[in-house]
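Asker: Full structure from sequences and hints, please.
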Amino acid sequence: MTGLRAAGVLACLALGAYAATIVVRDPSLHPSIPWMLAWFAGALLLHDLVLFPLYAAVDRMLVHLPAAPVPLVNHVRVPLLGAGLTLLVFLPGIIRQGGPVHLGATGLDQAPYLIRWLWLVLAMAGASALVWVVRVTRRSAAGG
650 MTGLRAAGVL
660 ACLALGAYAA
670 TIVVRDPSLH
680 PSIPWMLAWF
690 AGALLLHDLV
700 LFPLYAAVDR
710 MLVHLPAAPV
720 PLVNHVRVPL
730 LGAGLTLLVF
740 LPGIIRQGGP
750 VHLGATGLDQ
760 APYLIRWLWL
770 VLAMAGASAL
780 VWVVRVTRRS
790 AAGG
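FYI, the numbering for the sequence shown is 650 to 793, going by our numbering.
Derived by calculation from the structure, the hints in this document are not laboratory data. Think of the CB as a built atom: it goes at the ideal place given N, C-alpha and C, for glycine as much as any other residue. Hints should not be assumed to be uniformly reliable.
[Claimed, not checked] Taking CB as the label site, the calculated pair distances span:
| hint | residue 1 | residue 2 | range |
| --- | --- | --- | --- |
| 1 | 705 | 752 | 49 to 59 Å |
| 2 | 727 | 702 | 18 to 28 Å |
| 3 | 747 | 791 | 48 to 58 Å |
| 4 | 786 | 657 | 14 to 24 Å |
Answerer: Take a look at the structure:
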């Protein structure tokens with residue numbers, strides 16, 4: 650597993666280095682390099698100082714969920730992770746960032762982003778709950 654993790658880290662570093670070469674080779678992007686570095690540093694600080702302690706605390710609370718025939722922790726953890734990651738993906742559309750550009754490029758409004766994200770989160774939570782109920786039912790039917 651350590652070799653696989655090291656390969657993943659090296660692949661991420663290679664992708665980052667490739668993206669950096671694109672920025673460095675394009676003179677039109679040179680004025681934006683300080684802004685990119687500021688955004689990167691801000692994202693790093695936001696993650697390490699705010700988000701990581703927040704989701705670590707939530708995960709610690711999940712571990713203390715009441716005992717059940719089938720552990721509930723991963724059936725809560727997975728939809729929460731999916732909700733968080735899809736929020737990051739859909740956030741620009743949800744907060745309507747770049748609305749005129751989006752409208753001009755696609756001919757579509759950004760209004761449905763929030764409701765579609767909420768429906769997606771509801772579907773993930775519902776699917777996870779359904780899987781948990783099926784697992785509990787199968788375990789009780791098996792007599793264990």
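Asker: Decide, hint by hint, whether the structure agrees.
Answerer: Consistency of the hints with the structure:
The beta-carbon spacing between residue 705 and residue 752, approximately 39 Å, falls outside the hinted interval of 49 to 59 Å. One distance hint, 18 to 28 Å for the beta-carbon pair residue 727 and residue 702, holds here, with the actual separation near 21 Å. Range check, residue 747 to residue 791: Cβ separation about 53 Å, and the 48 to 58 Å hint holds. About 37 Å separates the C-beta atoms of residue 786 and residue 657, a value inconsistent with the hinted range of 14 to 24 Å.
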